[in-house]
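Asker: The task is simple: from the sequences and hints, build the whole structure.
Residue numbers (UniProt numbering), protein chains in the order written: chain A, 1 to 470; chain B, 1 to 470.
Since the hints were derived computationally from the structure, they do not count as laboratory data.
One or more hints might be untrue.
Note that identical chains are pooled: a pair holds if it fits in a single copy or bridges any two copies.
Said to hold, decoys possible - Straight-line alpha carbon distances no greater than 30 Å define the calculated DSS-like cross-link-like pairs of lysine-lysine that follow: (1) Lys313 - Lys398; (2) Lys353 - Lys313; (3) Lys370 - Lys398; (4) Lys353 - Lys370.
One-letter residues, chain by chain:
There are 2 protein chains.
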Amino acid sequence: MLNRVRSAVAHLVSSGGAPPSRPKSPDLPNATSAPPVAPPQAPRSPPARAGSGGAAPARTVEARASFSRPTFLQLSPGGLRRADDHAGRAVQSPPDTGRRLPWSTGYAEVINAGKSRHNEDQACCEVVYVEGRRSVSGAPREPSRGQGLCFYYWGLFDGHAGGGAAEMASRLLHRHIREQLKDLVEILQDPLPPPLCLPSTPGAPGSSDSSQLVGPQSCWSSQKEVTHESLVVGAIENAFQLMDEQMARERRGHQVEGGCCALVVVYLLGKVYVANAGDSRAIIVRNGEIIPMSREFTPETERQRLQLLGFLKPELLGGEFTHLEFPRRVQPKELGQRMLYRDQNMTGWAYKKIELEDLRFPLVCGEGKKARVMATIGVTRGLGDHNLRVCSSTLPIKPFLSCFPEVRVYDLTQYEHCPDDVLVLGTDGLWDVTSDCEVHSSGPSSGPGGPGHTPGPWLASPQQQAGFRG
Amino acid sequence: MLNRVRSAVAHLVSSGGAPPSRPKSPDLPNATSAPPVAPPQAPRSPPARAGSGGAAPARTVEARASFSRPTFLQLSPGGLRRADDHAGRAVQSPPDTGRRLPWSTGYAEVINAGKSRHNEDQACCEVVYVEGRRSVSGAPREPSRGQGLCFYYWGLFDGHAGGGAAEMASRLLHRHIREQLKDLVEILQDPLPPPLCLPSTPGAPGSSDSSQLVGPQSCWSSQKEVTHESLVVGAIENAFQLMDEQMARERRGHQVEGGCCALVVVYLLGKVYVANAGDSRAIIVRNGEIIPMSREFTPETERQRLQLLGFLKPELLGGEFTHLEFPRRVQPKELGQRMLYRDQNMTGWAYKKIELEDLRFPLVCGEGKKARVMATIGVTRGLGDHNLRVCSSTLPIKPFLSCFPEVRVYDLTQYEHCPDDVLVLGTDGLWDVTSDCEVHSSGPSSGPGGPGHTPGPWLASPQQQAGFRG
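Answerer: Here it is as C-alpha cells:
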C-alpha cells in the first residue's frame, strides 16, 4: 500500500512537466484577487478562495455538512464512496486534468484501516490574496500602488475523535492567517523596520520614537528590533489561536466534534513558514539533503510542559491525577517503597518514597505511540478538542493541549534548488512507517532542472499507520 | 589582559607534562577514600575532600568566614591581598608546584574591574569518593566487593550580589551530589537495568516486576526503561535543588548573601556530565572541533518560561509587572494605540491595543547583556538569591529563577582524543569577549599525544567582562 501511495504521489509531482520556477511576483494577486464577495460558500462546493472571503473576519462558519474530502480531489459522489471504502482502501490523489495545483503540489491519501468510520484528515491548498485593511500611516492609500499581498498556502489536518475540527480548519485557518496579515500588508512591503506602535485610528500619528523614554534601568530604555519575518510568525501564531477560539465558540451550533493536528505552510515574500501544532512532520529535501522543518509535539516531547502546568495548577488534575511521572503505574502494595520518578524539572530519574497521592493516575504515561495525556490523547498540540474529557470523568483535557504552533522559517532566496527538491508534509501515519530518507528516495526524480527551481510541496495524509501496510 | 589569562591558562595546561591518560579505575577511591571523619572544616582551611565529609547529609554549614579564593590556589595572606586588588588585577592560577590538580586541570581568574568589592566567583576541583549507603538488594554487603564509587568533579560558580552563595556552593554542592549517588553505588555498577522500585527497608523484597499490572489503558501497562545514565542525571538535578534549599534554610544564620550561577562537571564511570544553571558555558574541544556542552539561561533564552509563570501565577507579578513583552517600555500617552507585543506562547510579534495594565513594568525587558527579569537580574537559573527583591519593592524574584541545571552527557569511551583536547568551563566574562574558536586556538598545543588521552579541564573565571579589557 505504501508503494501505491508513493507511486501516486511521485506520478503527481513528476508528471506535470517542469517544476515551477519561483513566482516572479509573489506579492501580486493572481486569480484569487477577485474583488471581495460575501460569505464563505457551502463546504461541499469548491472552497471559497480565501481572497473572496471579504474583509470580515472569519467569525462565522456554515452549518455542518456531511463528510467530504479535500475539494482539489474533485471527487464525484461515486469517487467519494470509493474513497470512504475501508475494504477497497483506494489511494486518492487529484485527477490528472489540465488544472494543476500551484507549485506542482502532489497529494495522496488513503482511508484508515477501520479505526474511524470516515477519514478524519483533511488537506488544503490555496493561493490567498490579502488586501490591506487600511493604510497604517493613516494616509489614504493610493489606488495605483501595489496594495495587496499574495501567499501560497498548504495545510494538512490530522483529525481525531471526529472529523469536524479538521474540516473546519481546512476551510478557515488560512482565512484567519489572512486576517492577521491585513494589518501588515504595507509594513511587510516597506523595507524600513516595522513601526513599534501604530495609531489607534488612521490619520493619527504613530509613535515609533523612543527618544522621550527615560528609565531608571538601562533595560527599560532599550528598544528591540522586530523583523518583518517575526511579524509573519506572530500572525500565523495568532491565527492558530483565533481558529481554536472559533472552534470553541461554534462547537455546539455546528457540531465541531473532535480535534486535529495542524501542519501548514505559508509562502510569502520569498520565505516559507512551516507551522506545526501536533505530531505531523514536514521536511525539505534539498539536493539530497534532508532539512527538518518541524518537530512533533507529543506527551513525551512535551512532558515537562504538561507536568509544570499540573504542578502550578493542581486543580486541573482534579485530585485524580498526579503530575509526577513513574516508569510504570504504582501499585497500592508499593506504598512506602521507593520508586523511580521524575517531576517537571527533571530529565533524569531518581527514587522517591511512594506516598498515597502517588497512587493517582499519572498525568503523562506510556511510551512512543502509546504515550497519553490523562490516558486519553496522544498529541499535545492542535486545534479543537474543547469537549474532550477524561474517560468516565468530567475532567477536561483541553487545558493541557496547546493550540500554538512552532513556526520554522526557510528563506527560499538563500539556496539553490534542483528539480528533485521537495517539501514533504505528512501526518504521523506516513512517518510511523517511513523514514525521512525513504520518503526522499521514493520522491520524484524527473523533470527539467536548472536554477530557480523551488521545492514543490508534497502532501501525504495516510490517516493511520495501518493504512500503509498491505 | 585577556592574553595574560590565556597565557596563564595555556601554561598551566601545557606545562605539566603528559595530559592524563584516562583513569584506569575511575571507580576506585584514591587519596580521598580516607575513612569518614567529622564535619566540614573551616572555609579558610583547604576544603575538606568530599570523601572525608562523612556519611551525614550536607545539611549544616559552618559559620560565614571572611573572603577567600579557591583553596587550590594556595594563596598566602599576601597573595590573597594581591588577588583582591582592583588596581593590580593580577591573574591568579595555581602555583607550579609538584602537587597538580587532577587531569592536569588548568585555572585562571582575575578580579573584576570594580563592580564589586571582592571577586564573587568561586571554583572547585575535587575527587570524591561515594560509599554506598546500604545494599539495595537488602542483603548484607560483602566486604570484599568493590563497594564505593569515585567521581571527578569540577565546579565554577559565578557569584552576584555577594559572594556567599558561590562560596557555599563551592564547598558543598559536590557533597550533595555524593549524597544523591549513595543509593546508586551498587545499581550503577550492576550491568542490569536499574530496579524500578526499591524496598523501603533493607531486606524487604523489591518490586520491579510489572506482570501483575492490569490497566484499562495500554499506556498504563507499559513500563519505561530507565538507564544508568539517567539516574546520574537525576542525582545531579536533585543535588542542585537540595543545595538551593540548604541556602534558603541557612541564609539567615550564615549570611549566605547573593546568588550564583553554577556550572559543574562530574566524571563518573566513563561519562562526563556537564550540569549548567546560569550563563556560564562549557565546551569540549576534540581534534579541533568544538562541541557545546551547555547553553545559557538568561531572560532572553528563558523568556517564554518566565512569561508562562507570570501568566499562570499573576500574584507573583504583584500588580506591578505585566507578563507581556513589548519591544520597549510603553508610555502612558500610547494608551489606545497598537503596539508590538508577544506573550508566553509566541515567538513572533503582533500588534495589540495598549490598555492600562500594559503600562506596568515588563517582567522581561532589555536585550543581550542588558536583559533583566523584573529589571533586576540578568540570569534566570542558579543557586541562592532567596532574599532578592525588586528594587524599591518587597516583591520576591526567586520564584522566577530556577535552580535546576540542564545536564548534558558526553561518553568519553566513544571518542578518540588527542593531547590538545580540552574541556573549557568559563563564566560569562570569558565568553563575552572570547568566542569558542578563540578559546580553542589559544589553548595548549604541546604535550605528548597518543590514544587514550582525555580532554583535560580548563577553568576560567573572569568575574566581569571588563575584567578582560585592559
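Asker: Quick one: which hint numbers does this structure break? Sort them smallest to largest.
Answerer: none
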